[in-house]
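S.K.: Residues per chain are reported as follows:
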Amino acid sequence: MNTLANSAAVAPPGRVRMLRKRYFPTPLQGVVSVVSAGLLLLISWKLLDWAFLSAVFGAEGSAAECRAAGGACWSVIANRWRIIFFGLYPHAEQWRSALACVAVVAMIVLSCVPSFWRPWRLAAVWIIGTAVYYILMKGGILGLRYVGEEQWGGLALTLFIFVATCLIGFPLSIVLALLRRSELPVISRGTGLLIDAVRSLPLLAILFAFAVVVPFMLPGWMQTGKLYRVVFGAGLFFAAYQAEIIRGGLQGVPRGQEEAAMALGIGYWHRVGKILLPQAMRNALPATINQFVIGFKETSLVIVVGFFEILASGNAAYGTGEWTFAYREVYAFIALIYFVFTYSLSRYGAYLERRMAISSR
Amino acid sequence: MADTHPANVPAVQINGMNKFYGHFHALKNIQLTVHRGEKVVVCGPSGSGKSTMIRCINRLEEHNSGQITVLGTELNDDVASIDGIRREVGMVFQHFNLFPHMTVLENCVLAPMLVRKTPRAQAEAAAMRYLEKVRIPEQAQKYPGQLSGGQQQRVAIARSLCMEPEILLFDEPTSALDPEMISEVLDVMVHLATEGRTMICVTHEMGFARRVADRVIFMDAGEIVEEAPPETFFQSPSSERTKQFLSQVLGH
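Same order as they appear, the protein sequences are chains A and B.
Numbered by the UniProt record's numbering, the letters in the first sequence go through residues 1 to 361 in order.
Numbered by the UniProt record's numbering, the letters in the second sequence go through residues 1 to 252 in order.
Just chain A, with the same shape it has in the complex (with noise of 0.2 Å):
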């Protein structure tokens, strides 16, 4: 047949015929693909012009010049920033704000790296990066002025909230799953009683109890801080659903293993810390990657709690005098900072998917 000899003579580069194959397979596949395109093409354009092209950049752009320009005002992030960043943190210690940042960023960064994870350079890195972000936040020693928790603000609280949730919670979630395994019957069904109760409650209700509720039923000398209460519940409210998850993937180490750790005379925390964590955790791992990025997002409810973490301080941002109508760029880069960290989770969660692939072949 002659297709075949076409074929042969004019046969079209490689990359061609797959795009053909890809999105021109049928004519109305065809239709679909071109409409499809056009529509983000469309949409791409209207993002670009807006987001740059009639955009108005730099401080000095007043709200008047942006809204004749038309496009975004990305001015009121250049004016309002430091709300966003520090919310009501005194305006002239604010670097010390920024610098608690870079300390628990440096803290999440370092211990992410594998070479870090033995207990006595986790711990340093922890109590360290906790200390310094503790002692710069709410200063009172070493000639800092004293901030008390209810001026913080910004992403310095919301990357506080969030390492402390996961500081209490992740520990927690281990002790939680290996006592729902435990061969006394009061202590598993107890310990599934706490993880179900917990998981039934709504995040909400738990940060309203933990900031109002809790207070009347603790003795006076156990009275802290509303902010750390807030955070011991969110902590709880992790280790609730990440209990399960461990516990998903403990049930997926094989009997045999525990057996073969057992007659080898290696004791229960041996074989607990040495062969099933590290398996059930490998097991785990996209799941947890999961629940740290519901974590991160979570956060933002604190406010219901009178806390201004990122996104409460993003609505006073604009909220005030002669931006209220900026909202969108306010937003557009509160989820740009969101997107930065959960992004870089995710990344994270994927790379060491790749390191644990390569010793399970």
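What the hints contain is simulated information worked out from the structure, not anything from laboratory work.
Among the clues, some could well be false.
As the list claims (entries may be wrong) - Straight-line C-alpha distance at most 27 Å; calculated DSS-like pairs for lysine-lysine: (1) A:Lys274 to B:Lys142; (2) B:Lys117 to A:Lys274; (3) A:Lys226 to A:Lys138.
It should be emphasised that the depicted structure is a prediction, and the values quoted were computed from it without experimental measurement.
Knowing the structure of chain A, use the given hints to seat chain B on it.
M.R.: Below, chain B alone, put in the same frame as chain A:
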């Protein structure tokens, strides 16, 4: 001659041991003494309780009544004595149970370093010695998932040997292997049998039993039906059930 002399204490002594799963009577009044250095092969149809019996010896299963004494220490709920016995009793499993997230070498040095507190250099030297004994030293840096079944089982044997156990238990070590890999594992086991260690092997490899065993034990329905030296066992078994089993195993 004091009977506390190690050589006079039997490796394993089981007295009137019973084991139930719910209402199912899995092991019935087991009576067994294995002397030090003895090689015992346990065989029998599947479900006869052979695996359960040897798993009771290092308490991977708990017995419900009777007595098990290993190297003079009775097995009871005392966790310290259980751990002490497990240090002296190695076990090789049907499904190898190597730790997949560790290299072959790490598999071998883990228990000596954690349990016996052996320094790493010394533990690695010993591990390499045993890996050579099972003829697989060149695989030390690989992960278990990169090895064949036969290689994995030989690593599992080396891992047990690294704890220098007095007694080695084998729980159907060749049942999960492809036919062409069975002999490489059996060769290693035959070689080990010449070294004076006590060995208790649950296996269907009757050729191995004939070559190596000092005594063959036949179990059926949770009972020890017959025990005899291999030549007697294979040539003139006394029980009908043994005869039937042997005709099924050797019949083709």
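S.K.: Hint by hint, which ones does this structure get wrong, listed from lowest number up?
M.R.: The structure breaks none of the hints.
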